[in-house]
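A.B. asks: Just so you know, the protein sequences line up as chains E and G, in that order. Residue numbers for the first sequence follow the numbering used here, so the first one is 1 and each next one is one higher. Residue numbers for the second sequence follow the numbering used here, so the first one is 1001 and each next one is one higher.
The set of hints was computed from the structure by calculation and includes no laboratory data. Please note: incorrect hints may appear among the correct ones.
Claimed, not checked - Taking lysine to aspartate or glutamate and the DMTMM-like style, the derived pairs with C-alpha atoms no more than 25 Å apart in a straight line are: (1) K1193/G <-> E61/E; (2) K1061/G <-> E54/E; (3) K1165/G <-> D47/E.
Here is what each chain is made of, one letter per residue.
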Amino acid sequence: MSLVRVGLRGALCIGALLSLCAVASGCTTVAAYERGRLAHPTMSPSDASSVAREHVYAIQEGAMGGTLGVASGCGCN
Amino acid sequence: MQLSVTTLLMFAGLAVMLPREARADENPHGHDGAAGLPTAEKQVAPATSPGSPSDTVVKVKGEFSAYSDTDSVNVFTPAVEGTITNPLTGWTASGSYLVDIVSAASVDIVSTASGHWVETRNAATLSGSYKPGNVGVTAAGSVSREPDYVSWTGGGIVNLELADKTANPSFGYSYSHDTAGRKSTPFSVFSEKLARHSMNASLELIVDPLTLVSFSLDAILERGDQEKPYRFIPLFAPDIAPTIARGASVDTVVRAAQSHTVEHTPGSRNRVAVSARVAQRLSGSTLVLTERVYVDDWGLKASTTDLRFVVDASRRVFMWAHLRGHFQTGVSFWRRAYSAVLGEAPSSVPTWRTGDREMSPLSAGTFGVGTRWNVGPSARATAWSLVAQADLLTTVFSDALYIESRQGYLGVLQVEAEF
C-alpha cells in the first residue's frame, strides 16, 4: 500500500473522529459565564501563526483551502 | 508516516483521557484572549464612553523568518502586521506587509541550464471589520508583487453569532487576478492571466466549556493560465520513457530526452476542501487538531493533518510541539517521464503536461517546536511577547524527476506588542 493511500485512510479516521465531536456538540448548552477558558489565547487559530509558514505550506502542498484570511497568489513554484 | 498518523490518533485519544479541568489562574490573556469570543466578561458595561481613546487596542507584530532546504532554496522573510481594534464600537482595521527575499539554485533551475538567481516578493494586505452586534462584516484586499508575477485579491466575510453565540457561522468570498510574465519583459509584451474565485463557509461550535469545534468548506474556481513560462518538460521516446527512474539526475534526463516542450495545463481548475478543527483546553495545556481533505477536478486528492500541543510552562511561558502530515495523489495527467514520437502527425505530444513537482504524488511531514514568552509588566504580561519557532519539513516525492526527497528548515522569530 502506498504512503499516500495510508495517509488518506488515516485522514478518514481523523475526519470521522472530528465528526463525532460535531455530533456531540449539538447536545450541550454552554452559558456565557462558562466560556472564559475558551478565550485562552492558545485556543485561537491565529495563535503562533506565521505568514512564512503558511506560505511554505501553500507552495509545497498541492492542496488549497482551510486557511485564514485573504491572501494573494504568487509565482513561487 | 504511517507511524505519524497512528501517533496523531494517540494524541487525539490522550486529549480525551488527560485531565480537562482547568486551573483557576490559567487564563493569562490581556486584551487579546477574550476579544474574539463571547464570554461573560464582554457583557459587562464599559467603564468609559464608547469610542474614547482608551477603548482602542493597538497590536503590532514583527516577524523574521528564514527558510532553507536541500534543494538549494533559501528565503528570508521580514514581515510586519498591525491591528487597531475598538471592541466597544466593533471596529477593527488591520494591515500587513512582508518581503520575501529568495535565493534559489534548485534542480529545476539547473535542469533548464539557468543559473542561481535572487528575487524579492513584496506582499501587503489591508482589512477592515465592523461587528456591532451579532452580525459582522469584513472587507479585505491584498497584493503580491514579484518582478514577473502580480496578484491582486479582494474579498469579504460575513460573520454571524447564533444560538446564544454557541454556533457562529461565517461566509466569505474573494476574487484574485494574477498576471504572470517573464522577467525583464513588460506585461504588455507577454503575460498570462489567471482568475480565482474563492468561496468559504465555516461554522464554529462551542461544544463544552473547554472545547471549540469548527468546520470549513472551501470552493475555489480557477480560470486561466497556470503554466509557468520558465518550465520546460523533457520528452522521451516511447521506449525510453519507462526506463527513466524516479529521481533520475539532470545528466540522465538531458542525455535521454529527445526534446523539451513548454508546460501546458487545462484552462480551468475547480478545487474543494473540507476542513475541521478541534481545540481542546486541558489542565494547563491546549490540544489543537486540524484535518483538511481536498479534491480537485485535475484528479489531485489530498489530506492534511495538523496537530499542536501547547503546554503552559508558567503564566508567562508557553511551549508547544507541532506535527503536520500531508499526503496527496498526483494530478491525472502527471507523468514522471512524458513520451512522444517527434515528427509524427498529428502530434503525439501529450496535450496536458506539467513539471510542477507539487502536482505529483507526495508525502510531507513537519515537526516543529515553539515557545511564547510574555514579557510585559506583571499587570499586563501580554503587552509584550516574544515567540520563537523552529520547524523541520520533509517531503518525499514518489514519482518525480531529479529529486526523491527534500528537507527544509524554517525558523521564525516574532515580537508582539499591545498598547
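A.B. asks: Does E61/E sit within 25 Å of K1193/G, going by the straight-line distance between their CA atoms?
C.D. replies: The hint holds at about 22 Å.
A.B. asks: Could you grab the alpha-carbon distance between K1165/G and D47/E and see if it respects the 25 Å cut-off?
C.D. replies: holds, 21 Å
A.B. asks: Below or equal to 25 Å on CA atoms is what counts here, so check K1061/G against E54/E.
C.D. replies: holds, 16 Å
Violated hints are absent here; each numbered hint is respected by the structure.
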